[in-house]
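Note that the UniProt record's numbering has the sequence shown beginning at 1, numbered continuously upward.
Hints listed in this document are in silico derivations from the structure and should not be mistaken for laboratory results. Any given hint might turn out to be false.
[Stated by the list, open to error] Derived DEER-like restraints, expressed as beta-carbon distance ranges:
# : residue 1 : residue 2 : range
1 : Pro343    : Glu273    : 39 to 47 angstroms
2 : Gly177    : Asn380    : 31 to 39 angstroms
3 : Ser398    : Leu255    : 32 to 40 angstroms
Note that beta-carbon positions come from the ideal geometry of N, C-alpha and C, so glycine has one too.
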Amino acid sequence: MAIQDIYPTALRLLGRPVLVVGGGPVAARRAKGLLDAGALVTAVAPVASPALQEMADAGLLTWAARPYDTKDVDGVWFVQTATGDPAVDAQVSADAEAQRVWCVNASNHEASAAWTPAVAEVDDVKIAVNAGGDPRRAMAVRDAVATALETGDLPLRRRRAHQGSVALVGGGPGDTGLITVRGRRLLGQADVVVADRLGPRELLNELAPDVRVIEVGKTPGHHPVPQAGINRILVEEALQGHRVVRLKGGDPYVLGRGGEEAEHCRRHGVEVEVVSGVTSAISVPAAAGIPVTHRGLAKGFSVVTGHEELSEVPARPDHTVVLLMGVGQLRESASALGEAGLPQDTPVGIVENGYLPDQRVTIGTLGSIADQAEAAGVANPAVIVIGDVVRVSPFAPSHFKTADYSTTSPNSPRKTALTT
1 MAIQDIYPTA LRLLGRPVLV VGGGPVAARR AKGLLDAGAL VTAVAPVASP ALQEMADAGL
61 LTWAARPYDT KDVDGVWFVQ TATGDPAVDA QVSADAEAQR VWCVNASNHE ASAAWTPAVA
121 EVDDVKIAVN AGGDPRRAMA VRDAVATALE TGDLPLRRRR AHQGSVALVG GGPGDTGLIT
181 VRGRRLLGQA DVVVADRLGP RELLNELAPD VRVIEVGKTP GHHPVPQAGI NRILVEEALQ
241 GHRVVRLKGG DPYVLGRGGE EAEHCRRHGV EVEVVSGVTS AISVPAAAGI PVTHRGLAKG
301 FSVVTGHEEL SEVPARPDHT VVLLMGVGQL RESASALGEA GLPQDTPVGI VENGYLPDQR
361 VTIGTLGSIA DQAEAAGVAN PAVIVIGDVV RVSPFAPSHF KTADYSTTSP NSPRKTALTT
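Can you build the whole structure from these sequences, using the hints too?
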């Protein structure tokens, strides 16, 4: 049968009686699919597989434990025959055709009046693929399309939203490959994107032309759109029926004020979803080969955003301190930790633009790092790691005096550059 002789369609089987002839694994899978579509399934087979028996025992379908009879086709809307016996399947097909009932014959694709495609569901989109009788090829195409929809490589966006919503999406440290599949899918469905300055900014270039991007990015000490304004934008856009994605760098619930935004949305009756992201507090140090915990060096870590919070964290080299966006107050932070009792020779690493092509790593000590950073022109966005775990980095000098190591990502083929 040529592929051009097939007329693709979809059947609404909700509440309609259908017949499955056969009791093996194939028949059980077909019965499950029909049940998922809401059909009233009767299975006819002398013996049932465990899966089919389980569905019958649960009252999901009716199992007639006997051989097929021509009268079984009477009054049904659809027939699936998968007995494993070509002669029986052919008889079922002939009986169905005589009554003008569509029948899928699992034993003989060429002679079948209908086919079951390879099916997948992504959100409310159902994918059905027929590859001219080649099931493996059909499944490969189905899986490729489903994956592209899940990752956002194919659009999954409704043109008309029934109800507005907000998704707080953590975009990770900036590399487009570090956003989650769920986050990227929601971004592809968005009508409005409320974007931070950090995160996977390149993905904004892939949005449909009619998607509005509202920039609310902040820098230390400069908040052109205050948090109250961001909260208001999210609610106002959602109440207009828009699907809003609040795209944040890192994770929205790790020093990202995502909790405040979620509370504000819920307080105003707006549906909100939180999609975790790869937090820069852990991932950016890892880009420089620095673990925040390491056996024999550190069992715990603290994440802070300002030097005034450092008095609340343990001042010990075996407890890692991760300081976010702290370059502007680095000297004050180092001084505060020193006054709290942290040794001046405690290793410190600074990772700028983690995972991006211009990533740079500067390593020194608590006593030297402020001067090193100033001399090297270190700037945000950067993550500062303080503690013995910095010794694990492949960029750490053996002596930890005043050496400044600058490099691209350790996964990059580029050579490491040493500056002094």
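Hints, one by one, checked against the model:
no., hint, result
1, Pro343 with Glu273: 39 to 47 angstroms, "holds, 45 angstroms"
2, Gly177 with Asn380: 31 to 39 angstroms, "violated, 22 angstroms"
3, Ser398 with Leu255: 32 to 40 angstroms, "holds, 33 angstroms"
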